[in-house]
Amino acid sequence: MDLKKLNERVSASRQETEARGETFYPGASRIHLASFPPKERWDDWVELDSKAWPRRKEKRFMLVPTTCFNCESACGLLAYVNKDSLQVAKFEGNPEHPGSRGRNCAKGPATLNQLTDPDRILYPLKRVGERGEGKWKRVSWDEALDDLAGRIRKAIQEKRQGEVMYHVGRPGEDGFTERLMAAWGVDGHNSHTNICSSGARAGYQYWTGIDRPSPDHARAKVIFLVSSHLEAGHYFNPHAQRVMEAKKNGAKLIVLDTRLSNTATHADYWLATQPGSEAAVHLSIANHLIQTGQYNREFVERWWNWKEYLAEVHPGLEATYENFERMLAAEYEDYSFEMASQESGIEADTLREVAETVASAGTRFSTHNWRSAAAGNEGGWQVSRTLFLLNALLGAVATPGGMYPNAWNKFVARPIHLPRHPEHWNELTWPNEYPLAMNEVSFLLPHLVKEGRGQMDVYFTRVYNPVWTNPDGFSWLEMLRDEAKVGLHAALTPTWNETAYFADYVLPMGHSSERHDIHSYETHDGQWIGFRQPVLRAARERLGDKITDTRQVNPGEVWEENEFWLDLSWRIDPDGALGIRPFVESRKQPGERLTVDEYYGFIFENSVPGLPEKAAEEGLEPLDFMRRYGAFEVAQGMGQPFEEVIPSAELEDLAEDPFGRVFTRAPAPPLVNMAPMGAPDPDSEGRRVVGVRQDGKVLRGFPTPSGRLEFYSSTLASWGWKEYAIPTYIRSHVHPENMATDQKVLISTFRLPVQIHTRSANAKWLDEIAHTNPLWIHTGEAAALGVGTGDLVRVETEAGYFVVKAWVTEGIKPGVVACSHHMGRWKIHDDQQVEGSGEEGQRQMMATVSLDQDGAQWGLRRKAGAKAYDSSDPDTKRIWWTDVGVHQNLTFPVHPDPISGMHCWHQAVRVTRAQPGDRYGDISVDADKMHQIYHAWLTKTRSATAHSPDGTRRPRWLIRPVKPVKAACLLPVQGSEA
Amino acid sequence: MELIRALGALAEPPGPETARLAELLDLGTPPDEAAFSEIFLFQLYPYASVYLGPEGMLGGEARDRIAGFWRALDLEPPPEPDHLAVMLSLYGRLAELEAQAEGETAQKGWRRARKAFLWEHLLSWLPFYLTRFQDLAPADSELAFYGRWAQLLQDALRAEAADLGPQATLPLHLREAPALEDPRKASGENFLGALLSPVRTGIILVRSDLQQAGRELGLGGRIGERAFVLKALMGQDSSALLRWLASWARQVSKSNSEKHSLDGDIASFWARRAENTASLLTELSQEASDS
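Protein chains in written order, with our numbering: chain A, 1 to 978; chain B, 1 to 291.
These are computed hints drawn from the structure, not numbers from a lab.
Glycine included, every Cβ here is placed at the ideal spot set by N, Cα and C.
You may find that some hints are simply not true.
[Claimed, not checked] Beyond 12 angstroms from chain B on every Cβ pair, some chain A residues (computed):
no. : residue
1   : L6
2   : Q15
3   : F24
4   : P109
5   : G150
6   : A218
7   : A272
8   : R297
9   : E356
10  : R453
11  : P574
12  : Q589
13  : P647
14  : F659
[Unchecked claim] To spell it out: a stretch of chain B is covered by chain A in this simulated footprint if at least three of its residues, at any positions, have a beta carbon under 8 angstroms from a beta carbon of chain A; those stretches are:
no. : segment
15  : 17-26
16  : 47-53
17  : 153-167
Can you make the complete structure from the sequences, with help from the hints?
Next comes the structure, spelled out in structure tokens:
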């Protein structure tokens, strides 16, 4: 055959093969990624058994996708289900996942360890002794559910909805539990966000109306990170791979990090700033852009709410853009490089060079801050706000290589049932003193309860471990042990944790391959959904089995939460009298409880644009498509939604405020994407916001009160914080002027690269890599103290101390010490057997400790470290480490930022050599001091009662996970001091 | 050019798709993993940088130049841009882009890119590389599949060259390639290593060549990578080995000269390099014999 005919033959065959959705060329490994199994072979994938070598023994697998549940990134996993044993043999990346693109960090494959962890909890347990005594009995799910449902029903019937609380650490599906709480009529959602990201969220929300950033790193020319992002930051895998892509294309990387983190090692400019000075650095760059005219004047004129700023701050000036530019220059002229250098310790010339690099990025400037400085400092919310100021100056907002508000790079589908709004306001989560708190001030709960502001009849902790994770853990322990304050505590968790010891029920929940959820996160300029599913359920269904409950395939009686919550809700309202049943009822079979198949089937069929069509191309139902591929890309290249011209159908009986905010009477079109964003108030005549007037047209704008990027926040100004109405610099509680000369700043906010809080502590591969948290201390300071690496030091906080090993390094700024919060796990009872669930505690990563209380004095002392032990996993006999780190958070008092409500993690500490009698891991805390410090920070607040401009408890337009009805949002006595 | 891309895919380890491709291309019984390993892992490494780089090793400047070609097209270079399968796949892709381009200018642009890639990065080494399959994968051996594959690829590339027309200048890889230095003049140069760099010597010296030399000269063979084997043989009888290598280089030069009319300046370059190598080795052999 001649060459031409051969060529035609190959082309025809390729077209035919690819039309069937199959792969023609074997995984083009060197062109794209390591070769993934072609998707048409996922039902029967053959690999050779490495242990049988040199014999060629084939092993056959079914490949089933799911979504990782360790960090929040929600990367795609592909479970290799052994077809003989029907067990998961390993996890690799899912190449069909648009966010992670088949690549995972160590935590993804280590999910396997979590499934086979010999210490995991397999059955529902109920305590039989005192709380915390460590005595448990196995109970049935029915018993636990009926008990919980009965108590919740009674609370609702007696109008004690405020006594039901659900406190979440790692969120599962977007909005699932929030909707159920609302369906119960309970304003009981409580998150961990105020110890995590609410500082950064505040900065973003005041600017854009949307509280999360979505940087388009891959296409950026300059990337600016205020975090140790590549190593351990948020979304670090999807973002890190894109940061590296950009670097390969020549992008410059600027990193602000006091430590020489892995991220800092990749930076073109590593700025080891004095903790708390970051906003000053940002403002010096902003000032440079402004003074040198290197900002995007057209964008600023078009999209900033500068007219409102002039009207409010300079009412005597004519509202011209030129006047605004003059005032803008005046506002920031004091932020010279010299001033920022003084604050940050970075040389002025370096700052100037960095500023010029930023200026060179144009609209290809991606930035990110999530925890780090925003989570460490009082006023940390201005860190993200001043960082976004740079984007806003350059016009690098929703541009290729720029920064997108996350709601445009995320897709949340409309569920089968939308809930009602609770009719009460929960003062324990949203207290009067913190009207602008971005999220629930969760870490204050023990103090609020201690003051008698309320109690809980039913308290759920869900993949959350406040005793260990939160500051001031002994206050949590005190609260949880007190049955008058916490009537019933149910810990929903896959594995033992310090909080679960003090529960009444411990209810085992599945890991990432044992539960359902839908996820969508902002990883790049696109929108995707990822499906988490119980992979053995999907595998068995492919083999023709009918599975109606995930417990049928999970180990022991491990359940998934969605089925649990649906069942619990059904039982709370057995006769429908409470009006809860319609929210968890089947549409296909009225009178029956909704199943997860119907729930997800509905969403995939009706609420995800393009999915039914894509599934149909392969002859699949949408649910089957998601069970097969695990992810779907909803959209790519979102552009700038704020520039969208509003269709005329949405414009009816318009009204317009003096700054061009446009209101309409036309009903809003049905919401397709329910990603959270601000919801500005209607006008006084009830018209809803629809857009902003620009160049004679009505454009979509931003979900802020003004509809524009809010350089000037009328919200902050009108709620008592006029001095912070524009992005500015707030000196931190750990600013040198607020510390004694012998104090240092302790940074505790950083992660260890392969671990993720308490979530990954039962992954043996990860534990072997990272299991301790020494104190980073600079060489010179260690020498002055006379300590070397491994020597014990005492770190004294405001309310106690901990004893830890030093790690002497040049990789930390003098005057600053650092200790990762990841380590220091503990258990109280050694070798305490729990019926059906091995031991109380997790033996690979927990020290056994004694807890000692003498009045307000608390102590914790290590009795034994980790050690090798016999179990179903032979590797546990190979544990070679004993050191599992130090639980420093116990010694941290609460530091609620008076505006964002964020816990300000950085500590002013004294570091000394350990004293005689000090032992590694020792903790000492004065609980009275803890409470005094809580009160000291309360005095910084400006309450709703004193400052609400409109009699409401909190600005209604701000995002809130569960929104009560309008009447519940009013202060109890309207107008008394407002 | 789907044919070329498909031939590239056959330079990947055999999988279930190999049989289908083999059948489509009339290449007969598909190879097993052992045949693949023997030819591509032990003898003829399928990486351009091995043949075009002055070090005769993976990576280096040769690979960077090929990666640069991707960048020039505003494409992200893959981790191994010089792997034969990747290169042929890119060539196929360029043909596709040319076919899909709207307007004559765009079409011409892609055609220019394809032609440049063909001459600069494929024809600069592949004709000589593929020739080695004739003796290393003969028709009666277990490697016969790869002999047929190489011939078909050789034919397909020639057809492409004829279709796109000649290129005026010698490829940059060859223009910039340093010659094999005379060890008597060079200081500290790794002469044995340089002997394994085809672009310097004009000859592709594979493991089985060295084994053959050992057998024919009655020298003890050692197991190891080529530089190690070469050193071991040289240590036993350098004069004989150099003579053997010179003769081998001369044969290669002759063979490449015969192709001169077909492959133009490129074949001439390779022939000249082999001839120079033959001359130098002959001299060195005589010196070694005299000393």
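Hint check results:
1. L6: Answer for L6 (chain A): violated, closest chain B Cβ roughly 5 angstroms.
2. Q15: 9 angstroms, violated
3. F24: 7 angstroms, violated
4. P109: Non-interface label on P109 (chain A) holds, nearest chain B Cβ at 21 angstroms vs cutoff 12 angstroms.
5. G150: 58 angstroms, holds
6. A218: 10 angstroms, violated
7. A272: A272 (chain A) clear of chain B: closest Cβ-Cβ about 32 angstroms, beyond 12 angstroms.
8. R297: 30 angstroms, holds
9. E356: Its Cβ never comes within 12 angstroms of chain B, the nearest being 25 angstroms, so this holds.
10. R453: 57 angstroms, holds
11. P574: It holds; P574 (chain A) is separated from chain B by about 56 angstroms at its closest Cβ, greater than 12 angstroms.
12. Q589: 44 angstroms, holds
13. P647: 32 angstroms, holds
14. F659: 42 angstroms, holds
15. 17-26: holds (count 7)
16. 47-53: n = 0 at 8 angstroms, threshold three: violated.
17. 153-167: It holds: at least three residues are needed, and the segment 153-167 of chain B offers 3 whose Cβ sits within less than 8 angstroms of chain A.
Violated hints, in rising order: 1, 2, 3, 6, 16; the structure is consistent with all others.
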